[in-house]
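Chemist: When you get a sec, could you build the whole thing from the sequences and use the hints?
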Amino acid sequence: MDKKKKIIDRIFKAQGKNGFWKTLPQTHKYYPDYTHYVPNFKATLWTLILLADLEHDQNDPRVKKPLKEIQQHFFDTKHGIYTLKKDHFPIPCLNGNMIYLDAYFNDNPSDKSFRALEFFYKYQRFDDGCYIGDKNEFCSNTSCYGKHSCYWGITKLLKGISFIPKQLRTAQTNDLLNRCIQYVLLHKVCYSSRDSSKVMIKGIDRLTFPNMYKSDFLEILWLLKREKVKSHELDAAIVLLRSKKQEDDNWNLEKQMHNMVTSIGAKDRPNAFVTKRGHEVLEYYS
Numbered sequence: 001m002d003k004k005k006k007i008i009d010r011i012f013k014a015q016g017k018n019g020f021w022k023t024l025p026q027t028h029k030y031y032p033d034y035t036h037y038v039p040n041f042k043a044t045l046w047t048l049i050l051l052a053d054l055e056h057d058q059n060d061p062r063v064k065k066p067l068k069e070i071q072q073h074f075f076d077t078k079h080g081i082y083t084l085k086k087d088h089f090p091i092p093c094l095n096g097n098m099i100y101l102d103a104y105f106n107d108n109p110s111d112k113s114f115r116a117l118e119f120f121y122k123y124q125r126f127d128d129g130c131y132i133g134d135k136n137e138f139c140s141n142t143s144c145y146g147k148h149s150c151y152w153g154i155t156k157l158l159k160g161i162s163f164i165p166k167q168l169r170t171a172q173t174n175d176l177l178n179r180c181i182q183y184v185l186l187h188k189v190c191y192s193s194r195d196s197s198k199v200m201i202k203g204i205d206r207l208t209f210p211n212m213y214k215s216d217f218l219e220i221l222w223l224l225k226r227e228k229v230k231s232h233e234l235d236a237a238i239v240l241l242r243s244k245k246q247e248d249d250n251w252n253l254e255k256q257m258h259n260m261v262t263s264i265g266a267k268d269r270p271n272a273f274v275t276k277r278g279h280e281v282l283e284y285y286s
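Counting along the sequence shown from 1, when you hit position 15 you're at 15 in the numbering used here, and nothing is skipped either side.
Heads up, some of the hints might be wrong.
[What the hints assert, rightly or not] Calculated lysine-lysine pairs in the DSS-like style (CA-CA distance at most 27 Å, straight line):
{"hint": "1", "residue 1": "K245", "residue 2": "K188"}
{"hint": "2", "residue 1": "K68", "residue 2": "K42"}
{"hint": "3", "residue 1": "K22", "residue 2": "K214"}
{"hint": "4", "residue 1": "K255", "residue 2": "K244"}
{"hint": "5", "residue 1": "K147", "residue 2": "K214"}
In case anyone wonders, no lab produced these hints; they're calculated from the structure.
Modeler: Following this line, the structure appears as structure tokens:
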């Protein structure tokens, strides 16, 4: 795809000689804890997610050094997870994204990612409006583990696990994956569990690419397809996807991710990357 090649060329043209993308100066108020995370979405973490979502060559050596460096930077050896220090701890969306990058760009994900999966097998919450069972020690972070668990943390853990080869998944990893899937099915991908006529989170029903710390309904369907999940609970989301298909057999980009190192297409115009996912999903669920 010529357009994809041009986008990737622009991404690597923006890469610094040190292997990173936009980095924070030492005088910045968020330095060093947010290095490679801020600025959104030009920093190295987000640019690597952009490359992975574009399905860039997994063996490109230009990716290996920055990925290894941000793994070292974000990893908390005490708890065995990726963190922004105490901010939103234990931040499952960051961990899901880091596991995704590790599994996408490496044949064998690192021990860091498997340690993170062990942590979230034990501590990840799946509450839906009230706490189910006793609160754990991390429920003081109500952004991630409030009465309604953060949906993005769950969908990003699902994404990360989905890219781990099945033969490398432990029984605990499979259990965590299943709990993520069941929570998504409870919400019919993108709808309120209490009123299935209402979209659960503003914007989740708008076709978006790439998917950074949030997901859109298409990414979630695409991940469920990867895991060969079939359920009537997906029907409404599939109908929604079909309704957005244009007469020319394409889907438009409905929501742009701003402030990336490069644009991947104009809003409200046909988008090759959204369209590719859309066709893959409908082909599987036809």
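Chemist: Among all the numbered hints in the text so far, which are the ones the structure does not match?
Modeler: none
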